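Given the sequences, and given the hints that come with them, work out the whole structure.
Number of protein chains: 2
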Amino acid sequence: MHADRLAACQQRLADSPADAAVFAPGANLTYLTGFETEASERALFLFVTSDAVEFFVPELVEEQVAASTPIDQIRTWRDDETPHKPLSALCADLGLAGDDTRLLIDETMWARFTHLLRDVFPQATVGLATELMAELRIRKGDTELAALRRAAAAADTAMMRLRDRGDDLVGLTESAVATRIETELADAGGESLSFEPIVAAGPHGARPHHTHGDREIRAGEPVVLDFGCRIDGYPSDQTRTVVFGGEPSARFTQGHEIVRRAQRAAIERVEPGVTAGDVDEAARSVIEQAGYGEQFMHRTGHGVGLAVHEEPEISAGNNRRLEPGMVFSVEPGVYCSGEFGVRIEDLVVVTETGCERLNTTPRGWQCE
Amino acid sequence: MHADRLAACQQRLADSPADAAVFAPGANLTYLTGFETEASERALFLFVTSDAVEFFVPELVEEQVAASTPIDQIRTWRDDETPHKPLSALCADLGLAGDDTRLLIDETMWARFTHLLRDVFPQATVGLATELMAELRIRKGDTELAALRRAAAAADTAMMRLRDRGDDLVGLTESAVATRIETELADAGGESLSFEPIVAAGPHGARPHHTHGDREIRAGEPVVLDFGCRIDGYPSDQTRTVVFGGEPSARFTQGHEIVRRAQRAAIERVEPGVTAGDVDEAARSVIEQAGYGEQFMHRTGHGVGLAVHEEPEISAGNNRRLEPGMVFSVEPGVYCSGEFGVRIEDLVVVTETGCERLNTTPRGWQCE
Numbered sequence: 038m039h040a041d042r043l044a045a046c047q048q049r050l051a052d053s054p055a056d057a058a059v060f061a062p063g064a065n066l067t068y069l070t071g072f073e074t075e076a077s078e079r080a081l082f083l084f085v086t087s088d089a090v091e092f093f094v095p096e097l098v099e100e101q102v103a104a105s106t107p108i109d110q111i112r113t114w115r116d117d118e119t120p121h122k123p124l125s126a127l128c129a130d131l132g133l134a135g136d137d138t139r140l141l142i143d144e145t146m147w148a149r150f151t152h153l154l155r156d157v158f159p160q161a162t163v164g165l166a167t168e169l170m171a172e173l174r175i176r177k178g179d180t181e182l183a184a185l186r187r188a189a190a191a192a193d194t195a196m197m198r199l200r201d202r203g204d205d206l207v208g209l210t211e212s213a214v215a216t217r218i219e220t221e222l223a224d225a226g227g228e229s230l231s232f233e234p235i236v237a238a239g240p241h242g243a244r245p246h247h248t249h250g251d252r253e254i255r256a257g258e259p260v261v262l263d264f265g266c267r268i269d270g271y272p273s274d275q276t277r278t279v280v281f282g283g284e285p286s287a288r289f290t291q292g293h294e295i296v297r298r299a300q301r302a303a304i305e306r307v308e309p310g311v312t313a314g315d316v317d318e319a320a321r322s323v324i325e326q327a328g329y330g331e332q333f334m335h336r337t338g339h340g341v342g343l344a345v346h347e348e349p350e351i352s353a354g355n356n357r358r359l360e361p362g363m364v365f366s367v368e369p370g371v372y373c374s375g376e377f378g379v380r381i382e383d384l385v386v387v388t389e390t391g392c393e394r395l396n397t398t399p400r401g402w403q404c405e
Numbered sequence: 038m039h040a041d042r043l044a045a046c047q048q049r050l051a052d053s054p055a056d057a058a059v060f061a062p063g064a065n066l067t068y069l070t071g072f073e074t075e076a077s078e079r080a081l082f083l084f085v086t087s088d089a090v091e092f093f094v095p096e097l098v099e100e101q102v103a104a105s106t107p108i109d110q111i112r113t114w115r116d117d118e119t120p121h122k123p124l125s126a127l128c129a130d131l132g133l134a135g136d137d138t139r140l141l142i143d144e145t146m147w148a149r150f151t152h153l154l155r156d157v158f159p160q161a162t163v164g165l166a167t168e169l170m171a172e173l174r175i176r177k178g179d180t181e182l183a184a185l186r187r188a189a190a191a192a193d194t195a196m197m198r199l200r201d202r203g204d205d206l207v208g209l210t211e212s213a214v215a216t217r218i219e220t221e222l223a224d225a226g227g228e229s230l231s232f233e234p235i236v237a238a239g240p241h242g243a244r245p246h247h248t249h250g251d252r253e254i255r256a257g258e259p260v261v262l263d264f265g266c267r268i269d270g271y272p273s274d275q276t277r278t279v280v281f282g283g284e285p286s287a288r289f290t291q292g293h294e295i296v297r298r299a300q301r302a303a304i305e306r307v308e309p310g311v312t313a314g315d316v317d318e319a320a321r322s323v324i325e326q327a328g329y330g331e332q333f334m335h336r337t338g339h340g341v342g343l344a345v346h347e348e349p350e351i352s353a354g355n356n357r358r359l360e361p362g363m364v365f366s367v368e369p370g371v372y373c374s375g376e377f378g379v380r381i382e383d384l385v386v387v388t389e390t391g392c393e394r395l396n397t398t399p400r401g402w403q404c405e
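Chains as they are written, first to last, in my numbering: chain W, 38 to 405; chain S, 38 to 405.
Hints in this document: simulated from the structure, not taken from any laboratory.
Since this is a predicted model, take the numbers as computed values, not measurements.
Cβ coordinates follow ideal geometry from the N, Cα and C atoms, glycine included.
Careful, some of the hints might be misleading.
As the list claims (entries may be wrong) - Simulated coverage check for chain S against chain W, where a stretch passes if three residues somewhere in it have a Cβ under 8 Å from a Cβ of chain W:
#1 93 to 102
#2 134 to 148
Stated by the list, open to error - Label pairs and their calculated CB-CB ranges:
#3 W:D130 with S:P159: 26 to 34 Å
#4 W:R139 with S:G208: 53 to 61 Å
#5 W:G178 with S:D130: 41 to 49 Å
#6 S:N356 with W:A213: 42 to 50 Å
Structural data, given as structure tokens:
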């Protein structure tokens, strides 16, 4: 599988004006090689040219890289030297030492390493490998879809267990609920979190990227629950906005209904040939017509794969046409500062004729 | 506290040839402002000049940034536009639009954003803010030390609980033990993991950065246990190499004793005025004299603060002199490919007269 992906990357490089793509630890590197590691202060690159693939790694991970990837060209550097000299030698061997070398680099590469590359290739023209890799990764294969389905099911299981507790969660802090979510996700088979869970109660819900804190959950107060976990490396990401006990305000139930309609409209719009912008528009127009346009200040969704946020962006004006195998979130929201927020999110996969929702829990705010 | 740190950063900028430092999500940004967020595809910068401090953030996190930092200058950009125009306007307002502008950028900034800055500042000279920030962060204050002590104590508690289980862990997979470690760390007060725990049994121990996998732990087999958790944002990081049941090989017990002596020698060397290289040498010479020099292929340690790896590096030839308040790991190891590995690691803080160990569990391999 990884050998095929590397070959596809090499083919695209051969068809492009670039001489090489250079990757650092992150989703692209994992996608191409199967090797997963956190970015650190030690230089670790994967060089891909149209006719060569070579790792440049710290000696202390050499055995691991050799054991977990199909790549047999592994150049190492030692902890008691700087990487400059062996990196220059590698570049010369790969034919990348010329004045007109054109490199594409990984968009998540740290500045520390883009500067190292500039030191070693002072004359090279440097662009980003973003498009090259997005084209490879945007349509998910069967193995990827299977992992995404399992991860989505685990998040759904955790969400249902949480809802089943209903009133019991009133009085707990957001952070205590986040800890329960982590436990539920692990029990459901999650290997790690997709991201720090969002448990945003009452006015905190109006901050789309609030995580969780000391606020206690009150009866009748809406709570935004946005979380997911990884299985076989692939993440889930879903959101429900619920009320654990008591009766919410009429303003909230109205807002919730609008978001629910917007989310349904967007999902109904998904099919091959439709643009990402069309899907955004389907959600946005419902919210605008209800008079909440200003309170929906983010895009409708984002692609999901090895990275929780990747292509395609489901945003206003994006002309990217949807194709079978694309996976993304549909997550409109309404955020009323100082009051509450509502967001409802499912992942969907584009099929030949429409789309399949990966998340299937009830979208209502009621826990019973 | 954050206001003081920002003022110190501004003072250093005033004393340097640079016009501004630009930070992205990560340890430097958290250190300066208290705001913590994961790097994502949306542009988020902190600009610091000698007379101004201003955030540039996605509109959807504005409220959060305002609530959690002392900074009142917050420029936003909307999800339905690209950040270029508002970023250009900010730069002009900060007096950074000139041809001779000199910027220092965060070393963990993604290439995506260094390219965005280059688009907006095509004429600027760009360096790294690494040294500037290392000087600010390298001596820990009392609040930082208190958090580091609590995090170290939590890791020690988890390690003792694990050792107490002794024989019971034989037959479990490395990954199952890693899950237990996560639970123990959470029970001991850990808010999140410092990094994915390392549980490296038998020959896996010879890979310094192996995490964990399906291998079952066998009686008499050494297991490298390297883990830590964060408390109040600060991480712990310690390692013990233990045998859960049965008798290990003579070759392992000999290797373990050598590493133990090396680690003790390095810690005894720590005091103000000594260089980081001296500490490395103290450990390395013990291992070299025992004939295992080639099997110790990494530096002796690394600084620990908001980042698990930061300055000072405890590496061969590093002339950096130790000062009170510096915190780093002392973790020599010996790695015998195909057989086993041994690593023993404590965090230490440099005091006025020597050092204080933050980890205090027994360093032996015996669990009883």
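Outcome of the hint check:
Against chain W, the segment 93 to 102 of chain S contributes 5 residues with a C-beta closer than 8 Å to a partner C-beta. That satisfies the three-residue criterion, and the hint holds. Coverage of the segment 134 to 148 of chain S by chain W holds [criterion: at least 3 residues with CB-CB distance below 8 Å; count 7]. Between D130 of chain W and P159 of chain S, the C-beta spacing of about 33 Å keeps the proposed range 26 to 34 Å intact. At roughly 54 Å, the beta-carbon separation of R139 of chain W and G208 of chain S lies within the given 53 to 61 Å, and the hint holds.
For G178 of chain W and D130 of chain S, the Cβ-Cβ distance of about 48 Å falls inside the hinted range of 41 to 49 Å, so the restraint holds. Checked against the given bound of 42 to 50 Å, the beta carbons of N356 of chain S and A213 of chain W, roughly 49 Å apart, stay inside it.
Hint check: no violations occur; every hint is consistent with the structure.
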